[in-house]
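2 protein chains.
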Amino acid sequence: MLNAVERKIEQFIEELQDKEVSSLYKKLPQGKRLRAKLILKIAGSSLPVVKTAAVVEMIHAASLLHDDVIDDADTRRSKPSLNALYGNKTAIMLGDILYSKGFFELNNISADVSKVVSNAVTQLSLGELKDVSLSSTFNLDREIYLEMIYQKTASLIEASSGAAALLAGKPKEVYMTYGRNLGLAFQMIDDILDITQDAQTLGKPALHDFVEGKTTLPYIYLYEALQDDEREKLRSLHAKALSKEEQGWILSNMKTHKIIERATLEAKTLIDEAIAVMDAHGETALSGIAKEMIERDF
Amino acid sequence: MLNAVERKIEQFIEELQDKEVSSLYKKLPQGKRLRAKLILKIAGSSLPVVKTAAVVEMIHAASLLHDDVIDDADTRRSKPSLNALYGNKTAIMLGDILYSKGFFELNNISADVSKVVSNAVTQLSLGELKDVSLSSTFNLDREIYLEMIYQKTASLIEASSGAAALLAGKPKEVYMTYGRNLGLAFQMIDDILDITQDAQTLGKPALHDFVEGKTTLPYIYLYEALQDDEREKLRSLHAKALSKEEQGWILSNMKTHKIIERATLEAKTLIDEAIAVMDAHGETALSGIAKEMIERDF
Numbered sequence: 001m002l003n004a005v006e007r008k009i010e011q012f013i014e015e016l017q018d019k020e021v022s023s024l025y026k027k028l029p030q031g032k033r034l035r036a037k038l039i040l041k042i043a044g045s046s047l048p049v050v051k052t053a054a055v056v057e058m059i060h061a062a063s064l065l066h067d068d069v070i071d072d073a074d075t076r077r078s079k080p081s082l083n084a085l086y087g088n089k090t091a092i093m094l095g096d097i098l099y100s101k102g103f104f105e106l107n108n109i110s111a112d113v114s115k116v117v118s119n120a121v122t123q124l125s126l127g128e129l130k131d132v133s134l135s136s137t138f139n140l141d142r143e144i145y146l147e148m149i150y151q152k153t154a155s156l157i158e159a160s161s162g163a164a165a166l167l168a169g170k171p172k173e174v175y176m177t178y179g180r181n182l183g184l185a186f187q188m189i190d191d192i193l194d195i196t197q198d199a200q201t202l203g204k205p206a207l208h209d210f211v212e213g214k215t216t217l218p219y220i221y222l223y224e225a226l227q228d229d230e231r232e233k234l235r236s237l238h239a240k241a242l243s244k245e246e247q248g249w250i251l252s253n254m255k256t257h258k259i260i261e262r263a264t265l266e267a268k269t270l271i272d273e274a275i276a277v278m279d280a281h282g283e284t285a286l287s288g289i290a291k292e293m294i295e296r297d298f
Numbered sequence: 001m002l003n004a005v006e007r008k009i010e011q012f013i014e015e016l017q018d019k020e021v022s023s024l025y026k027k028l029p030q031g032k033r034l035r036a037k038l039i040l041k042i043a044g045s046s047l048p049v050v051k052t053a054a055v056v057e058m059i060h061a062a063s064l065l066h067d068d069v070i071d072d073a074d075t076r077r078s079k080p081s082l083n084a085l086y087g088n089k090t091a092i093m094l095g096d097i098l099y100s101k102g103f104f105e106l107n108n109i110s111a112d113v114s115k116v117v118s119n120a121v122t123q124l125s126l127g128e129l130k131d132v133s134l135s136s137t138f139n140l141d142r143e144i145y146l147e148m149i150y151q152k153t154a155s156l157i158e159a160s161s162g163a164a165a166l167l168a169g170k171p172k173e174v175y176m177t178y179g180r181n182l183g184l185a186f187q188m189i190d191d192i193l194d195i196t197q198d199a200q201t202l203g204k205p206a207l208h209d210f211v212e213g214k215t216t217l218p219y220i221y222l223y224e225a226l227q228d229d230e231r232e233k234l235r236s237l238h239a240k241a242l243s244k245e246e247q248g249w250i251l252s253n254m255k256t257h258k259i260i261e262r263a264t265l266e267a268k269t270l271i272d273e274a275i276a277v278m279d280a281h282g283e284t285a286l287s288g289i290a291k292e293m294i295e296r297d298f
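Same order as they appear, the protein sequences are chains A and B. Once you know that position 147 of the first sequence is 147 in our numbering, the rest is easy, because the numbers rise by one and skip nothing. Once you know that position 25 of the second sequence is 25 in our numbering, the rest is easy, because the numbers rise by one and skip nothing.
Simulated from the structure, these hints should not be mistaken for laboratory data. Glycine included, each C-beta is placed from N, C-alpha and C at the ideal position. It cannot be assumed that every hint is accurate.
[Said to hold, decoys possible] From chain B, some residues computed to sit far from chain A (all C-beta separations above 10 Å):
hint, residue
1, G44
2, K89
3, K101
4, K115
5, K130
6, D190
7, E224
8, R235
9, K258
10, K268
11, A285
[As the list claims (entries may be wrong)] Here are the computed distance ranges between Cβ atoms for each label pair:
hint, chain 1, residue 1, chain 2, residue 2, range
12, B, D72, A, Q11, 53 to 63 Å
13, B, L265, A, T137, 52 to 62 Å
14, B, K27, A, E224, 34 to 44 Å
15, B, S22, A, K255, 39 to 49 Å
16, B, R77, A, S287, 54 to 64 Å
17, B, K27, A, A225, 54 to 64 Å
18, B, R262, A, E14, 33 to 43 Å
19, B, A239, A, P80, 21 to 31 Å
20, A, A239, B, K19, 18 to 28 Å
[As the list claims (entries may be wrong)] Using 16 Å as the maximum straight-line C-alpha spacing, the simulated EDC-like pairs for lysine to aspartate or glutamate come out as follows:
hint, chain 1, residue 1, chain 2, residue 2
21, A, K19, B, E246
22, B, K26, B, E14
23, B, K240, B, E266
24, B, K19, A, E147
25, B, K26, B, E15
26, B, K291, B, E266
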């Protein structure tokens with residue numbers, strides 16, 4: 001069924017009648033298509049469902065293109081990123097093309113689906129902006145972190161579930177709760193992996209987020225757990241290149257205070273809640289996709 | 001009536017409930033709001049019309065934000081550009097926020113209007129990409145130039161007229177022809193000004209387009225008018241920093257062959273055609289806005 005989505009995306013791209021865009025699109029990594037899988041699982045594989053899944057994946061690809069420009073990322077899924085290969089200009093424009101073609105196609109699905117999905121794109125752009133702004137501060141507010149990851153990551157997954165529920169005639173709010181929890185957990189785990197994974201596996205420098213100024217959940221919890229003088233030390237290391245020793249200090253304190261366990265438990269709790277909500281609605285098939293979303297290398 | 005559009009845009013921005021976005025939006029130059037004026041002239045000032053005008057201006061502002069990042073522009077309307085003040089990241093994201101909020105609001109107007117406008121955004125993004133790609137070639141094909149400026153500039157003006165006609169119950173195709181001609185003429189004049197205006201007035205280096213690799217209409221006509229050896233000289237100057245002498249050579253050849261007159265006549269002919277089409281439909285009020293669009297300092 002995922003093949004039908006791939007073919008629909010290719011058809012949408014061909015409709016643009018632009019050889020350069022067709023060629024650039026072929027160079028983008030397809031990714032795991034988690035959002036499309038989620039939509040198909042909830043709503044089956046009728047034409048409007050396949051179109052919605054294709055649009056959501058195009059929007060997701062567009063957001064990654066802009067994200068990589070913003071993060072000056074050289075790689076995406078262990079391959080050179082499009083901005084690294086063809087420059088920022090091309091990546092920005094290809095993103096705009098995928099966004100706008102996606103929005104155009106939403107008009108051919110339904111107004112309700114279109115509203116849910118386009119609202120999510122506003123949220124994800126607001127979230128990206130907030131992510132950048134927060135990086136210039138030493139944010140210790142968990143609520144602000146949660147709001148930012150809700151906007152940046154969870155909103156489109158929430159909207160995918162919600163749009164699928166609308167198409168399937170299922171209760172929208174329940175499915176949006178499921179998608180929101182999944183999305184929050186997904187980003188929390190991404191942020192944990194930035195700390196636990198080997199720099200080489202990740203293709204980024206060690207503790208990349210913190211060096212970039214991002215105080216993700218584990219740093220917020222670490223700060224809470226530290227003594228006053230240690231707190232000052234952590235603050236002094238924020239948004240700077242870190243020596244091996246400084247990295248070691250952060251990691252050993254995370255270990256001492258069981259920070260990764262605490263943050264991982266929080267993500268898993270969100271997933272358990274999501275599965276429980278779905279089980280209560282007889283949607284046992286949706287627990288698999290929830291697990292797939294968090295089953296990544298720790 | 002234009003005030004109602006400004007207030008509607010401000011309302012849309014406030015609805016995002018993000019202080020940073022509200023503050024950034026206030027720093028954007030408002031511009032002449034030509035697209036909003038056009039929409040109001042055609043369709044009056046009912047709420048759907050004001051909303052459509054607000055959305056189109058937000059989309060136009062978004063495209064300028066991305067355009068300035070792509071062109072590494074330091075100024076916009078003689079003021080520092082947003083990317084110059086706050087960096088490319090902020091400019092890209094604010095553009096995405098304005099685009100997506102605009103698309104979201106289109107859902108609250110009508111599916112027909114939404115299709116016309118969102119299709120134009122795809123076209124303008126395709127046009128921007130083509131503009132960048134063509135800059136790495138010495139394009140001498142007038143048709144390719146016309147297609148690119150149609151996509152980059154005329155498509156949104158065409159869509160503005162078309163959307164307004166839909167809202168007013170007027171014949172869409174006729175109004176789209178009017179808007180398309182206006183948009184093509186507008187971009188041709190922009191490209192002529194890059195050659196005729198003083199570098200200081202324009203806030204860009206002299207013959208900026210050609211230095212950037214853009215062979216706009218006057219260069220295509222100049223090449224046609226030159227002898228073989230002169231053609232080779234023109235080709236050798238393409239996409240390079242130009243000495244005063246080289247600038248002088250280009251400008252004096254433009255003068256000898258009356259290139260600016262020829263290109264200006266082509267733009268004026270498009271405007272005259274647009275006015276004639278409207279006159280034939282009893283829309284005499286629309287000739288004023290067509291003239292305003294080309295009445296700029298030569």
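Hints, one by one, checked against the model:
Annotated as non-interface, B:G44 keeps its C-beta farther than 10 Å from every C-beta of chain A; the closest such distance is 24 Å. With a closest Cβ-Cβ approach of about 5 Å to chain A, B:K89 is found to fall inside the 10 Å limit, against its non-interface label. With a least CB separation of 5 Å from chain A, B:K101 falls inside the 10 Å interface cut-off, contrary to its annotation. Distance check on B:K115: its Cβ comes as close as 5 Å (rounded) to a Cβ of chain A, failing to clear the 10 Å threshold; non-interface status is violated.
The claim that B:K130 lies off the interface is violated: its Cβ sits roughly 8 Å from the closest Cβ of chain A, which falls inside the 10 Å cut-off. Every Cβ of chain A is farther than 10 Å from the Cβ of B:D190; the closest lies at roughly 19 Å, confirming the non-interface assignment. With a closest Cβ-Cβ approach of about 26 Å to chain A, B:E224 is found to remain outside the 10 Å limit, as its non-interface label requires. No beta-carbon of chain A comes within 10 Å of the beta-carbon of B:R235; the shortest separation is about 23 Å.
Every Cβ of chain A is farther than 10 Å from the Cβ of B:K258; the closest lies at roughly 35 Å, confirming the non-interface assignment. For B:K268, the shortest C-beta to C-beta distance to chain A comes to about 31 Å, beyond the 10 Å cut-off, and the non-interface label holds. Distance check for B:A285 against chain A: the nearest CB is about 31 Å away, which clears 10 Å, and the non-interface claim stands. Distance hint check for B:D72 and A:Q11: the Cβ-Cβ separation is about 35 Å, which falls outside the suggested range of 53 to 63 Å.
Checked against the hint of 52 to 62 Å, the C-beta distance between B:L265 and A:T137 comes to roughly 57 Å, which is consistent with it. For B:K27 and A:E224, the Cβ-Cβ distance of about 37 Å falls inside the hinted range of 34 to 44 Å, so the restraint holds. Range check, B:S22 to A:K255: about 43 Å between beta-carbon atoms, so the 39 to 49 Å window is met. Restraint check, B:R77 to A:S287: a C-beta distance of roughly 55 Å satisfies the suggested window 54 to 64 Å.
For the pair B:K27 and A:A225, the supplied restraint of 54 to 64 Å is violated, since their beta-carbon distance comes to about 40 Å. About 38 Å separates the C-beta atoms of B:R262 and A:E14, a value consistent with the hinted range of 33 to 43 Å. Distance hint for B:A239 and A:P80: a CB-CB separation of about 25 Å, consistent with the stated range 21 to 31 Å. Checked against the hint of 18 to 28 Å, the C-beta distance between A:A239 and B:K19 comes to roughly 22 Å, which is consistent with it.
Between A:K19 and B:E246 the CA atoms are separated by roughly 35 Å; this puts the pair beyond 16 Å, and the hint is violated. Straight-line distance between C-alpha atoms of B:K26 and B:E14 comes to about 11 Å, which keeps the hinted pair within the 16 Å bound. The straight-line distance between the Cα atoms of B:K240 and B:E266 is roughly 28 Å, outside the 16 Å bound, and the hint therefore fails. Between B:K19 and A:E147 the alpha-carbon distance is near 14 Å, which keeps this suggested pair within the 16 Å criterion.
Straight-line distance between C-alpha atoms of B:K26 and B:E15 comes to about 15 Å, which keeps the hinted pair within the 16 Å bound. Straight-line distance between C-alpha atoms of B:K291 and B:E266 comes to about 14 Å, which keeps the hinted pair within the 16 Å bound.
Figure legend: structure checked against the earlier numbered hints; hints not met, in rising order: 2, 3, 4, 5, 12, 17, 21 and 23.
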